[in-house]
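Protein chains: 2
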Amino acid sequence: MPMLTPAQRTAWLRLVRSDNVGPVTFRQLVNRFGSVEASLDALPALMRGAGRPFRITSRAQAEDEIAALDRLNARVVAMGEADYPEHLTHIPAAPPLLTIAGGQDLNWHRTVAIVGARNASAAGAKMTRLLTTDLGEAGYVVVSGLARGIDTAAHRASLTTGTIAVLAGGLDCIYPDENIPLASEILGYGGALVTEMPLGWEPRARDFPRRNRIVSGLSLGTVVVEAAKRSGSLITARLALEQNRDVFAVPGSPLDPRAEGGNALIQQGAKLITSAADIIESLSAADPSRTLLFETEWQPDIGPVDAPPGADDRSRLLSALSTTPTDIEELLAQTEISPQAMQILLLEFDLAGQIEWSSGQLVALRGA
Amino acid sequence: MPMLTPAQRTAWLRLVRSDNVGPVTFRQLVNRFGSVEASLDALPALMRGAGRPFRITSRAQAEDEIAALDRLNARVVAMGEADYPEHLTHIPAAPPLLTIAGGQDLNWHRTVAIVGARNASAAGAKMTRLLTTDLGEAGYVVVSGLARGIDTAAHRASLTTGTIAVLAGGLDCIYPDENIPLASEILGYGGALVTEMPLGWEPRARDFPRRNRIVSGLSLGTVVVEAAKRSGSLITARLALEQNRDVFAVPGSPLDPRAEGGNALIQQGAKLITSAADIIESLSAADPSRTLLFETEWQPDIGPVDAPPGADDRSRLLSALSTTPTDIEELLAQTEISPQAMQILLLEFDLAGQIEWSSGQLVALRGA
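Protein chains in written order, with our numbering: chain Y, 4 to 371; chain F, 4 to 371.
The following block holds chain Y by itself, in its conformation from the complex:
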């Protein structure tokens, strides 16, 4: 598999770290302009087009982050490189770059996520230890989110057999503080810390659901041990389903509020499990590369003639967009803008933070 040159790695990091360049925008830019370097070159013109400033990360800033990661014995891994976790390549909006500390000798293919309530009960923690220990002994690496409660129990019980903690902030911003020692222990035992966020990034509330897609995406399946209704663990389970991965839930008494989420998941189709054997039996058939249920992303046929947006195309598109997600084909028909011009305008709006994609085909104005 190809390795990036140092200059390419710096360019990837610059593009990923620039304002409003999420995984979807990153891929659209590279599809449109042919390479990461060409996309960086195109950003200033797109910014002028958008008429709104957005920050483009400088070469020096990217080199500084790589050097700082180096001092932490961490590495930047790009999608397509041998070190990039293969299971993660199959999810929608996979991160173009990850920063990883440790984990060089882990089996990143034989992975199970175990997630659950921060306010775990003693029984929930015990169940987590039982499942994790048996999965570890069966050769599975356990992935979790380093949160209090179930996550902590899962990491602790898999320290010696292999554990991966996915962070919502930078590698140097362990959350919660009380788990800073656990993060060190994970590295000490050869486990890994993983994040797509920059060094120094303190996690905000919205970063946790985004992180959760990596927890499930790194894993053949996700086990939910205790989860209340509307909890982060249920978000991870939903993401796992969207990623076409197995979701397992530990049942509990309907009289126990901590069992509500798991029981609801089972009613919605998650597999009820009572032991690691139940999980292992299902995972033996798991194939993380199986076809996703998603529609493909919109990608226009780009003709040989470059057709830049016309003078009033921008205002016509802006007035056609709303906060309700609209299909690209509908926008094309309504505005009569050419596909090439539409792509450029959407990239401009996207980079300026004005729109968001709710799937590869649906786009909406960002709410206030």
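If you're looking for bench data, these hints aren't it; they were derived computationally from the structure.
It is possible that some hints are incorrect.
All copies of an identical chain are treated as equivalent in the list; a pair is satisfied when it fits inside any one copy or across any two copies.
Simulated crosslink set (DSS-like; lysine-lysine; CA at most 30 Å straight-line) [claimed, not checked]:
(1) K274 to K232
(2) K232 to K129
(3) K129 to K274
Go by the hints and put chain F onto chain Y.
Here is chain F on its own, set in the frame of chain Y:
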């Protein structure tokens, strides 16, 4: 719907109460000889053919039981009569006759069985009360087996809204003794006691699984609240599935042994429920008359010529039979006995207690 005359009712009871006449044999006799009365007339010849004595209930014995039931304010109800519970007509091996006390004003169509562990936990009993109360308030009659634990909790919580207790022994043989007062309360509140067994019959271990098919068969669906592995409640659940009825199970922690049965049922396809609303939603689509998954019973084309068994047919069939269930068509081919003679011989062996049907098409020698 037709009502039996007193003489017919006595004849039905005589046939049902004769040795080795279970529901399947009863139907085969009536199919072969055209009526209950003609079947009774044929029994002596079949006994001579079998060469083994079996008890044929006399008219006086049947009349005595009917009179005794009358004194208990109980009634004998035959399949096909208006009072016979319609849901029960759709199950394999439905009892030809039931004896019923009370329940005249119950809605026998809107029924849910609730069964579970005799050694119920406090939480299990609470869950049962919650489910039963809500089902009762929604107009459902609750069916159970009058056992200790969950059954008792279910009957108690549905006394005022409607409850049916199915017994494994005679109407005058309430088991366990401690529930004799509960049985009286059920009748006092207008609920019903139901059994297919004769007055004076003390239940043996084998009578409980047989009774359980009536619990599930009377009901649109069966709810299992707490059940250990290999428990009677799981037998009821399996019977409900065989009857093509809904099976619901209350989940519990894998650390709680009382949850093993329910969790295993959910893994096998039972619906996880946490509230009466979950049950009611499913039952709104339940149709107890939907086609069963069973093969049909063997029923030979009877030609106009009566072909009695030949001299050595009996010994040839006996040596062809084994304790392994064998298909009738195979027995016909192997022994070259005519279908008419085969039917007579199998009825003789059946009435003499020598064979058992393991489905409508498979027959085996009874084990020692």
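* For which of the previously enumerated hints does the structure constitute a violation, in increasing order of number? -> Violated: none.
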